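Assemble chain B onto chain A, guided by the hints.
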Amino acid sequence: MSDPIPYRRPDPATQPPLDSPAYGSTHKRHPKQPLLRIPHTLTETSAPRFDASRYPAHADMSQVNGKGALGERIIVAGRITDEDGRPQRGVMVEVWQANASGRYHHPRDQHDAPLDPNFEGRARIFTDDQGNYSFVSVKPGAYPWRNHWNAWRPIHIHFGLHGAGFAQRMITQMYFPGDPLLDLDPIFLSTPDKAARDRLISKFDLEITKPEWALGYRFDMVLRGREATPFEKA
Amino acid sequence: MTAATAHQTAGPYWHMIDFPEWADLLRAGSGNEGVQGERITLMGRITDGEGAPVADGMVEIFQAGPDGKYEDVFHGFGRAATDSDGVFRFTTLKPGPVPGRGNAMQAPHIEIAIFARGLMQHLVTRAYFEGEALNATDPVLTMVEDPARRRTLVAKPQGDGVWRLDIRLQGDGETVFLEV
Chain A
1 MSDPIPYRRP
11 DPATQPPLDS
21 PAYGSTHKRH
31 PKQPLLRIPH
41 TLTETSAPRF
51 DASRYPAHAD
61 MSQVNGKGAL
71 GERIIVAGRI
81 TDEDGRPQRG
91 VMVEVWQANA
101 SGRYHHPRDQ
111 HDAPLDPNFE
121 GRARIFTDDQ
131 GNYSFVSVKP
141 GAYPWRNHWN
151 AWRPIHIHFG
161 LHGAGFAQRM
171 ITQMYFPGDP
181 LLDLDPIFLS
191 TPDKAARDRL
201 ISKFDLEITK
211 PEWALGYRFD
221 MVLRGREATP
231 FEKA
Chain B
1 MTAATAHQTA
11 GPYWHMIDFP
21 EWADLLRAGS
31 GNEGVQGERI
41 TLMGRITDGE
51 GAPVADGMVE
61 IFQAGPDGKY
71 EDVFHGFGRA
81 ATDSDGVFRF
91 TTLKPGPVPG
101 RGNAMQAPHI
111 EIAIFARGLM
121 QHLVTRAYFE
131 GEALNATDPV
141 LTMVEDPARR
151 RTLVAKPQGD
161 GVWRLDIRLQ
171 GDGETVFLEV
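So the protein sequences, as listed, match chains A and B.
In terms of the numbering used here, the numbers along the first sequence are unbroken and rise by one, the last being 234.
In terms of the numbering used here, the numbers along the second sequence are unbroken and rise by one, the last being 180.
Excised from the complex, chain A in its bound form (with noise of 0.2 Å):
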C-alpha cells in the first residue's frame, strides 16, 4: 500500500502561538519543550466518520419548542475549502456560543446577564457536495471576562471542524465586522499575520440576508491541503 499523501505544514505567522502571554491562560498550559514533528500517518490523514444519522444535524438555534429566542437573527453561512480552494464536503461542524445578553447557557458562566429559556446555544450542521453550510442563531452579546482590568471578549461564534483527517481538526472562533473590542482581544490578536487574524471576521452579506426576516454574515473557512504529489498519475 502507497504512503498516506501528508498535510501541508502551517506558516508558523498564520496560527496563534501556544506560549502567548497577553492571554494570561496560556501562561501555565503551554509545553516549554518543543512539539516533535512526526511524519502523517493513517493516524493522522484518516478521520471518524461522522454519519448524521448517528450524529443529527441541528442548524436552528434560533429557537425552542417554536418559541423564539431574543436578540438579533441572523443567518451564518459560508464555504469550507482547503488550501488548494477544494470544496470539503461532508464536513462535520460544531457550533456555540453566547445568548443576546453575553450569556452562555453553561453552569460555569457567572456573568450578571439574564440566560434566555429560548436560547441553548449550539448546532450541528454538515457542508453539502459544494463545501457550503449555514444555520440560524440570534447575534450574540459581548462579555466580560478576568484577563486584565475591564477585559470583554468581542462578540464571537466558537466553531468546531472535523475534516478528512484528524490532522486537518480544528476549532475556531467567528468574529463580527466593526466590533471595537477586536483591536483589544489578545486572543483574536494573538495571530501574527493580520490577513490571517482578519480572515476570522466574517462579513455582512446582504444575498445571505433575508428579507423581512434575518440579517447575513458570511465566514469561510480553509482546511489544511495535502502537500504537492509529484508522482500522482492522471
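It is worth saying that the hints were derived from the structure and are not from the lab.
This structure is a prediction, so every number in the text was calculated from the model and none was measured.
The reader is advised that the hints may include incorrect statements.
Simulated crosslink set (EDC-like; lysine to aspartate or glutamate; CA at most 16 Å straight-line) [unchecked claim]:
{"#": "1", "chain 1": "A", "residue 1": "K210", "chain 2": "A", "residue 2": "E72"}
{"#": "2", "chain 1": "A", "residue 1": "K32", "chain 2": "B", "residue 2": "D172"}
{"#": "3", "chain 1": "A", "residue 1": "K28", "chain 2": "B", "residue 2": "E50"}
{"#": "4", "chain 1": "A", "residue 1": "K32", "chain 2": "B", "residue 2": "E71"}
{"#": "5", "chain 1": "A", "residue 1": "K28", "chain 2": "B", "residue 2": "E174"}
{"#": "6", "chain 1": "B", "residue 1": "K69", "chain 2": "A", "residue 2": "D3"}
{"#": "7", "chain 1": "A", "residue 1": "K32", "chain 2": "B", "residue 2": "E174"}
{"#": "8", "chain 1": "A", "residue 1": "K67", "chain 2": "A", "residue 2": "E120"}
{"#": "9", "chain 1": "B", "residue 1": "K156", "chain 2": "B", "residue 2": "E179"}
{"#": "10", "chain 1": "A", "residue 1": "K139", "chain 2": "A", "residue 2": "D60"}
Then chain B, alone, in the frame of chain A:
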C-alpha cells in the same frame, strides 16, 4: 493558496458541545456494538505547569479498531470532559497495530487531542500500551531518544482492563506533544 484558518481556543464553555455518552465508544447506538475485541478503559489526569488539575479540558481520541483499520468496522472517535480533578476516562476496545510509512508497522496506539481554555490550538499526543512488543520499533516512539520522555507516551495497566496515561502540559515530566 490560502493558508488554513487560524485556530482559536475552545475556551471554558466548550461543554455546550459535550455529550458525555461519547466517552463510551461501545455505547448503544455507537455502531460498535458487536465488534469483537479487548474491552479497555483509557484514563488519565491532566495537570498544568504547577501540577494543578486541568478541570475544564476537552479530550478527544481517535483510534483504529482491533483489526488495525480506521473507520472500517470500528468507529474510533470519543470525547470526554476532564472532571474537577483533571481526570478523563474512555471506554473502548484496544486498537490493533496500524501500518506506518513505508514498510513500518506502528504499535497499537490511540491519538489524543486536548482542547482547553488557555490552549490556542489543541495539543496532540498518543497513548501506547506498556508491554507491547511493537513499541520497541514504533516509528514515533523511537523518535523520542530520552527514555523518561518516551514513557510519557506509554499508558500503564492498572488491572481490570484499565490503562492510565497522565498528561502534563508543562514542566516536570512534560508530556511529549506531537506536531502533526
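**Request:** Decide if the proposed pair is consistent with the structure: K32(A) and E174(B), CA atoms, cutoff 16 Å inclusive.
**Result:** Holds, at about 8 Å.
- Query: Are the Cα atoms of K69(B) and D3(A) separated by 16 Å or less?
  - Reply: holds (15 Å)
If you draw a straight line from the CA of K139(A) to the CA of D60(A), is it 16 Å or shorter?
-> Distance ~13 Å between K139(A) and D60(A) Cα, so the pair holds.
When you check the alpha-carbon spacing of K28(A) and E174(B), does it fall within 16 Å? holds (12 Å)
query: Is the straight-line distance between the alpha-carbon of K210(A) and that of E72(A) 16 Å or less?
result: Status holds; Cα separation ~13 Å.
Take the C-alpha atoms of K156(B) and E179(B), compute the straight-line distance between them, and say whether it is at most 16 Å. violated (24 Å)
K32(A) and E71(B) were given as a pair; does the straight-line alpha-carbon distance stay at or below 16 Å? With a Cα-Cα distance of about 34 Å, the restraint between K32(A) and E71(B) is violated, given a limit of 16 Å.
TODO: For the pair supplied as a hint, K67(A) and E120(A), confirm whether the alpha-carbon distance does not exceed 16 Å.
DONE: holds (12 Å)
Is the Cα-Cα distance between K28(A) and E50(B) 16 Å or less?
-> Holds: K28(A) and E50(B) sit about 7 Å apart, inside 16 Å.
Next on the checklist: For a C-alpha distance cap of 16 Å, please report whether K32(A) and D172(B) respect it.
Outcome noted: Roughly 10 Å separates the two Cα atoms, so the pair holds.
When each numbered hint is compared with the structure, violations occur for hints 4 and 9.
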